[in-house]
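First to last, the sequence lines map onto chains X and V. Mapping the first sequence onto the numbering used here, position 36 (from 1) lands on 36, and the numbers just tick up by one. Mapping the second sequence onto the numbering used here, position 171 (from 1) lands on 171, and the numbers just tick up by one.
Calculated from the structure, these hints are not laboratory results. Possibly wrong hints are sitting among the right ones.
Claimed, not checked - Computed footprint of chain V on chain X, listed as stretches where at least three residues anywhere in the stretch have a Cβ under 8 Å from a Cβ of chain V:
id : segment
1  : 31-38
2  : 47-53
3  : 62-71
4  : 82-96
5  : 114-123
Backbone N, C-alpha and C fix where the C-beta goes; we use that ideal spot for every residue, glycine too.
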Amino acid sequence: MAESIETTEDQEAGAPRVAGGSWQGYLIGLVFAIILTLASFWVAGTDMIWGPGVPILLAVLAIAQMGVHLVFFLHISSAPDSLNNILALAFGVFVVALVVFGSMIIMANLNANMMSMPELMNMQR
Amino acid sequence: MSASSLTHSEVREIPLSERGPAPRNVVVSFGFWLFLLSDIVIFAALFAAFAVLSHETAGGPSGDDLFDRSRVLLETAILLASSFTCGLMSLAVEQRKLIPAASWGAVTFLLGATFVGMELSEFHGMIESGAGPDRSAFLSAFFTLVGTHGLHVSAGLFWLLVMFAQVLTLGFRPMVLRRLRCFSLFWHALDIVWIGVFTIVYLGAH
Numbered sequence: 001m002a003e004s005i006e007t008t009e010d011q012e013a014g015a016p017r018v019a020g021g022s023w024q025g026y027l028i029g030l031v032f033a034i035i036l037t038l039a040s041f042w043v044a045g046t047d048m049i050w051g052p053g054v055p056i057l058l059a060v061l062a063i064a065q066m067g068v069h070l071v072f073f074l075h076i077s078s079a080p081d082s083l084n085n086i087l088a089l090a091f092g093v094f095v096v097a098l099v100v101f102g103s104m105i106i107m108a109n110l111n112a113n114m115m116s117m118p119e120l121m122n123m124q125r
Numbered sequence: 001m002s003a004s005s006l007t008h009s010e011v012r013e014i015p016l017s018e019r020g021p022a023p024r025n026v027v028v029s030f031g032f033w034l035f036l037l038s039d040i041v042i043f044a045a046l047f048a049a050f051a052v053l054s055h056e057t058a059g060g061p062s063g064d065d066l067f068d069r070s071r072v073l074l075e076t077a078i079l080l081a082s083s084f085t086c087g088l089m090s091l092a093v094e095q096r097k098l099i100p101a102a103s104w105g106a107v108t109f110l111l112g113a114t115f116v117g118m119e120l121s122e123f124h125g126m127i128e129s130g131a132g133p134d135r136s137a138f139l140s141a142f143f144t145l146v147g148t149h150g151l152h153v154s155a156g157l158f159w160l161l162v163m164f165a166q167v168l169t170l171g172f173r174p175m176v177l178r179r180l181r182c183f184s185l186f187w188h189a190l191d192i193v194w195i196g197v198f199t200i201v202y203l204g205a206h
């Protein structure tokens, strides 16, 4: 996937072509994605892996597959044109992590510290 | 000397402050990328809600009772294949080849429509068997998360139809090419969200 800087005549003058990839690139991405997807479904269904390790393995496989999609399908690269996209992506990942893990930690704390409904009802009697 | 005749290393030598505004393609892709990221933040909120509520079944059916993994694997394969054909479509568009672009676009549309159809039939079966979104907090979160993804895919299908019409009436002019590029970004991003959905919702079912 060499980043080409050639232009075509009906594009704006001097515009370097946004790296569009090649069909080989898409094919490599597809193969990686298929392997990772099948691995995820296998991990979720097998008894060969120690139970508590399964969610961690699933998370690793999912993040790897998201990376494959970003690189081979969305063409996020370290090219100069793509620098702003990467910075925005980093901020997006930060917000997503904050929202998801923040909510989960707060709600787990509330669940642990608050009395359950039936107990609360008993106290009122 | 026009900028288009510069080699890559020559472009690198021009200081950043003297290169002028970024080309329109780059700006449009960046703006749409920001939209996609904010869309993913919406999904993050829905994922968080699902993760918090996934055990609150209120005595109703849990994920283990409801989800059919072979069906989900098929849905995943269909969406992944449509992502691939969407990539091939954008390659054909880059080369201004109308017939291959339209064919791959049609395949992408059919695969996407099949995916939405499978999702709708799954929803229908669940609601019929009394596991609708009103049954428990878990099911409300499930229908909101997966339904929002399905709505996005449906919107993408509609967008693809509009792009068919624009390519046929306006041809491959720069404006249409930018929209097609944004469409393929949107379609690939939906596939990324689906990775989260099948991992957390369907495979993480306890």
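Each hint tested on the structure:
Coverage of a stretch by a chain is defined here by at least three residues with a beta carbon nearer than 8 Å to that chain's beta carbons; for the segment 31-38 of chain X and chain V the count is 3, and the condition holds. Residue count for the segment 47-53 of chain X with a Cβ under 8 Å from a Cβ of chain V: 0. That is fewer than the three needed, and the coverage hint is violated. Only residues whose beta carbon comes within less than 8 Å of a beta carbon in chain V count, and the segment 62-71 of chain X has 5; three or more means the coverage holds. By the rule of at least three residues with a Cβ nearer than 8 Å to a Cβ of chain V, the coverage given for the segment 82-96 of chain X holds, with 8 such residues.
With a cut-off of 8 Å between beta carbons, the segment 114-123 of chain X has 0 residues touching chain V; three or more are needed, and the interface restraint is violated.
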